Amino acid sequence: MASRLRAIDPAGTLAAAALTALVLGTLAAVAIQAGGPGGLGPWDWRAVWFTLWQAVVSATLSAVLAIPVARALARRRFAGRAVLVTLLGAPFILPVIVAIMGLVSVFGRSGIVNEALAALGLPALSIYGWQGVILAHVFFNLPLAVRMILHGWQAIPAERFRLARSLGFAPADIGRHLERPMLREILPGAWLAVFLVCLTSFAVALALGGGPRATTVELAIYQAFRFDFDMGKAATLGLIQVGLCLLALILSARVAIPAAFGSGMDRAADLRGPPGWRRGADGIAIGLAALFLLLPMLSVILQGAPRLHDLPVSVWQAALRSVIMALISAAATLVLGLALALSIARGHRWVEAAGMLPLVASPLVLGTGLYLMLRGIASPTELALPVTVAINAAMALPFALRILIPAARSLRADYGRLADSLAMHGTARLRLLTLPRLARPLGFAGGLSAALAMGDLGVITLFADSENATLPLKLYQLMNSYRMADAAACAVLLMAISFALFWIFDRGGRAHAAI
Amino acid sequence: MRSAMFALLTAASPALAAQDEFTVYGPDYFASEWGPGPAIEEGFETICGCDLKFVTGDVLPRLLLEGERTEADVVIGLNSDVTKRARESGLFAPHGQDLSGLTLPIDWTDEVFLPFNWSQTAFVYDRTELENPPTSFQELLDAPDDLKIVIQDPRSSISGLALLLWVKEVFGDESEAAWRKLKPKVLTVTPGWSESYGLFTDGEADMVLSYTTSPAYHIGAENDTSKQAAIFPEGHYFMVELAAQLAGTDQPELARQFMGYVLSEDFQGMIAEANWSYPSKLERDLLPAYFAALPRAQLTHFLDETEAEALREPALDEWLRVFAQ
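Chains S and D, in that order, give the protein sequences. Mapping to full-length UniProt numbering: the first sequence position 231 is 231, numbers consecutive. Mapping to full-length UniProt numbering: the second sequence position 23 is 23, numbers consecutive.
Keep in mind the hints are simulated off the structure, nothing from the lab. On a predicted model such as this, the values are computed, not experimentally measured, just so you know. Incorrect hints may have been included.
[Unchecked claim] The following label-pair restraints were derived from C-beta to C-beta distances:
id	chain 1	residue 1	chain 2	residue 2	range
1	S	28	D	225	32 to 40 Å
2	D	247	S	228	20 to 28 Å
3	D	250	S	376	14 to 22 Å
4	S	428	D	250	35 to 43 Å
The beta carbon of each residue, even a glycine, is placed where N, CA and C say it ideally should be.
Chain S extracted, bound-state conformation:
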């Protein structure tokens, strides 16, 4: 009886259906408005290939570079480690435009790196071109990959490492029996997440791409919509993005193999890292990652902070509005994410696919489709804020899921049968088992969602409300009115709030985690 009840699983199915309707429904609305999908020209196909290529390179680089960093962080103890782990996560939640400012000030023509190279008499590096796109993508996504892999390391029960030590395992043996199986499970998911982020990258590729060689599908959609008013083409390109997403999802699901460590006693992880040269190598991995990820942010702060107190009151009002919207949006993401993750842990694979869909939904297609669907109901200006909240909640969901799914799976594998045998269902199970066990990933996912929602510009092309502007919109308005210095200050504010939201959620999750 109980198993049949679970098979229906109304919450997860409903959430997945709503997401599918949102992503595919808006796509269909755009295609119908255009009278069917449109054809693509040679430049569009080039954009598809470039998008695919840079996403594969960026994802592979991010995932590979994340392994030594995550391992070093997992097995070394040092003062300020917890703070560093949190700080290293920050680039992922940076608003794109802020991150570009930081990267340019470090790697740009007149940036720190090139000035150092010039002082040493070495040739200058150029951030502009495909290398800039990939640099920016690794900057954004290395933190995501590190955090996901670090979670993987931390999820190996401490007892397994104790057993390994009592058996006299060398680092290579630990690698073979513990670390590699864990990576086999975690790495495909991490790679997939980064790949999908890079697939729909718009602003990054554009500002640093250097020109039409680095055109992405998302830019092609923008052009089709904005300049050619060819909605059929926009729909076709949107469909290609969804197709690529599903393909990547299938591939990564085939590669990933559950590590099956079983449950532990939740002992504090005691990872005594191997001594000798490995200690130095770990130090270098952490140091380089910290430099690469923190320097651009530091530079943004130095540029913008002096003008922070000059910002007009409307910017602070926008900040407050954005915080409220981010909190609502994060709450929605967590509710949806938990329902989906629990359902996926029960083996509903299509639910997982539905959960990943928003990641590749083109914001422009989403916005236009929603606009077409909702225009009979109310005026778009009235809907601007609710639509922005809803879209931000959906857009953050794939990231929340990547964090929640592995945790929900091991929860089910380790405690599912016990809970079933105790006939623990409904709210009791949620309150006594699910929430305490998942508090840590829920806090992390909530922080991520809130921070992402904070920095997102939303779908302003059609649902804009300049009287109730969000903080990112204010930033763009400042930039468009020549006020670059104020924009830099606004960027610092945006960064600080995004980070604070992330930190509060993440902390809250850890504080409420079951011992």
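Please build the complex by placing chain D on the supplied structure of chain S, with the hints as guidance.
Just chain D now, kept in the frame of chain S:
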């Protein structure tokens, strides 16, 4: 959803219906407190006795989506590169204004689209950083490749498209060769104007594709006279921003009144410092002194909408061929 329902309820209440709501569509930057929107709203509301509401976003795509059902009474902030498509939509009505006193560098006789401010594309530089700027377009092409410029993508930016037409006008059949000479100097191509300008003010590029009126902002708002527009004897491309009234407006009288307001001295007098460009109908001596003293182009290039549309595809293909290599 709740706020939408709330809005529906309040819209139906008699207290707010007393004053006519007048809806103006404009681009995002326009209605922000740093754009000309608030001044326009205040100025027009004092003479119309109505409640002017700005709705911002991508004006034309949105209008084309909405069609006859649009709530807009007038639009402001269209560019001359979209007038053809806008005109073909049949959504707009003649503005009915007398165009004789316009102070544009070209003749303007359009009965539908009414210009309210204009400028010209130009490469802007910092004279304290770049001591020997190119003095002609040809010199820019011939400059050493370590002179770095940032430009905008003609597929996503209006100024980028204007550059495309500017090069075509100046170099004609030689335009592809001109692009080939320019390409090594292009540091990067950004999607919009603001990213380019930000890179320039950060010191990443020596010159940025912007407007002849850009230095006015730095002088007027920042008291900084170091930014200058390089004036080329080959001429500069004309950029104009337009207003138009909707044929389907339920308040044609107000719309007509707004069109008149756009050309009034009140509106024209504030637009220079509100939108950092030249007003379309204001004698030069009425401009702020530093604004009137800005160096102007001797020669103005402008393609009408039919010519520009015919040239867009081949010029874009040419640009892509050069820049995609």
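Here's how the hints hold up against the structure:
no.	hint	in the structure
1	28/S <-> 225/D: 32 to 40 Å	violated (56 Å)
2	247/D <-> 228/S: 20 to 28 Å	holds (24 Å)
3	250/D <-> 376/S: 14 to 22 Å	holds (19 Å)
4	428/S <-> 250/D: 35 to 43 Å	violated (59 Å)
Checked against the numbered hints listed earlier, the structure breaks hints 1, 4; every other hint is satisfied.
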